[in-house]
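*Asks:* Full structure from sequences and hints, please.
Protein chains: 2
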Amino acid sequence: MRIIDRKTEIINCAAQLFKNKGYSAVTMRDIAQALDIKAASLYNHIKSKQEILVLIIIEIAEEFTRVMNEILESDAPTINKVERVIQLHIAITIRNSDALACLNNDWMHLTDDQLAYFIRMREDYENNFRKIIKNGVEQGEIKANNQEVMVFSILSTLRTLYLWYGKTKKISAEELQKSMSELYLKGITNK
Amino acid sequence: MRIIDRKTEIINCAAQLFKNKGYSAVTMRDIAQALDIKAASLYNHIKSKQEILVLIIIEIAEEFTRVMNEILESDAPTINKVERVIQLHIAITIRNSDALACLNNDWMHLTDDQLAYFIRMREDYENNFRKIIKNGVEQGEIKANNQEVMVFSILSTLRTLYLWYGKTKKISAEELQKSMSELYLKGITNK
DNA sequence: ATATCAAACTAACAATTGTTAGTTTACAAT
DNA sequence: ATTGTAAACTAACAATTGTTAGTTTGATAT
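Chains as they are written, first to last, in this note's numbering: chain H, 1 to 191; chain B, 1 to 191.
Keep in mind that the hints were calculated from the coordinates and are not lab data.
Be aware that one or more of the hints could be misleading.
Chain copies aren't distinguished; within one or between two, either way the pair holds.
[Unchecked claim] For lysine-lysine, the following PhoX-like pairs were computed, each having C-alpha atoms within a straight-line distance of at most 20 Å:
#, residue 1, residue 2
1, Lys143, Lys186
2, Lys21, Lys167
3, Lys134, Lys186
4, Lys7, Lys186
If you're wondering where the values come from, they're calculated on a predicted model, not measured in any experiment.
*Replies:* This is the structure:
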């Protein structure tokens, strides 16, 4: 076992390829070639192509689930909770944008139990964020406009952050966090 | 030629399948089966699988390009232009969400000229929206916060609208338009 | 009745897919 | 020196892929 073991190297390499072309369009030979080995050699480390997908997606999904539960259970004001959700997405995007892209685009290629597990986590995540917003409205912190639109707008942006981050001139995590909070909390117009 | 000809039926059917599983994971036999014919029969109507993808994506992309240019050239206030962009995405989402999903997820499977053409349209679209925001800042209509964050947040939401629209309890195009404008222009917080 | 033609069919192809079996290599520990 | 082991290899497989060639069907117009 090295500092980063071979299996992890394969997972990371695969995630990068999946990000660019999608799970289905990437072959085991593609992954092998990127690592400068033969396709059959991959099977010394992983069980199947499916397993690679599962390992990429589930770990990230569980992290989202875990942190979201922490945020939900805290007794901070709603605005603070929304900020922490934004922070969570930024942090994971910076740490592992390849896996995030894969989670977003290729989750439907999971099968059976793993697929059901993922879908449940995803639904729970959305519902928990919905609860945060709803609670904010009840506490008078947040406008009583269409809550669904708020929920999906914010989550859409956060989920596709990986498409933007690092693309234009570099922006720090702190600045991104600040700008996004400002945008969603106060809007874009003057006055 | 019927009211809706066979080729269009194939395109629409394929778009729906592509939406669910992605271009690469859908086989010609899948498309054929959904139409209750054999795969080889498809080739009486279309030239290749690639052609289906091109026809789905390019038409929509050109529509976005065309309308964006109209909006950009108008002399309406910035806020009005942003609202019209929102309106554009809502309209196309409602009319053809399958094709929109395909454009979003499978554009990278275009090849050669079509790929270059698409990428150029996409870049132009983003740049044009960026110009609208920038102009709004210069006119004093919009806050001088991080403009990039505004651009990508709004476009992210608009581009993934197809994932949400029609999912929860139905909301009219007008109400969606109103809620989204309100959200982005004024934010979610009270006061 | 005959000809036309769109649109389906059957059968097959060459290439590519994920995967398995069995073997070799190179280095570390005994 | 011998053994063990991680990690590569070659060769091949059965299935699936997009696609082509040639044929049949069924309705419409002459």
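*Asks:* Reference check for the pair lysine 21 and lysine 167, CA-CA at most 20 Å: within, between, both, or neither?
*Replies:* within (18 Å within a copy, 27 Å between copies)
*Asks:* Evaluate lysine 143 and lysine 186 at a C-alpha cut-off of 20 Å and name the case that applies: within, between, both or neither.
*Replies:* Both: 11 Å inside a copy, 10 Å across copies.
*Asks:* Could you place lysine 7 and lysine 186 in one of the four classes (within, between, both, neither) given a Cα distance threshold of 20 Å?
*Replies:* For lysine 7 and lysine 186, the Cα distance exceeds 20 Å both inside one copy (45 Å) and across copies (48 Å).
*Asks:* Can you give me the call for lysine 134 and lysine 186, within, between, both or neither, at a CA distance of at most 20 Å?
*Replies:* both (18 Å within a copy, 18 Å between copies)
Consistency note: the structure conflicts with earlier hint 4 alone.
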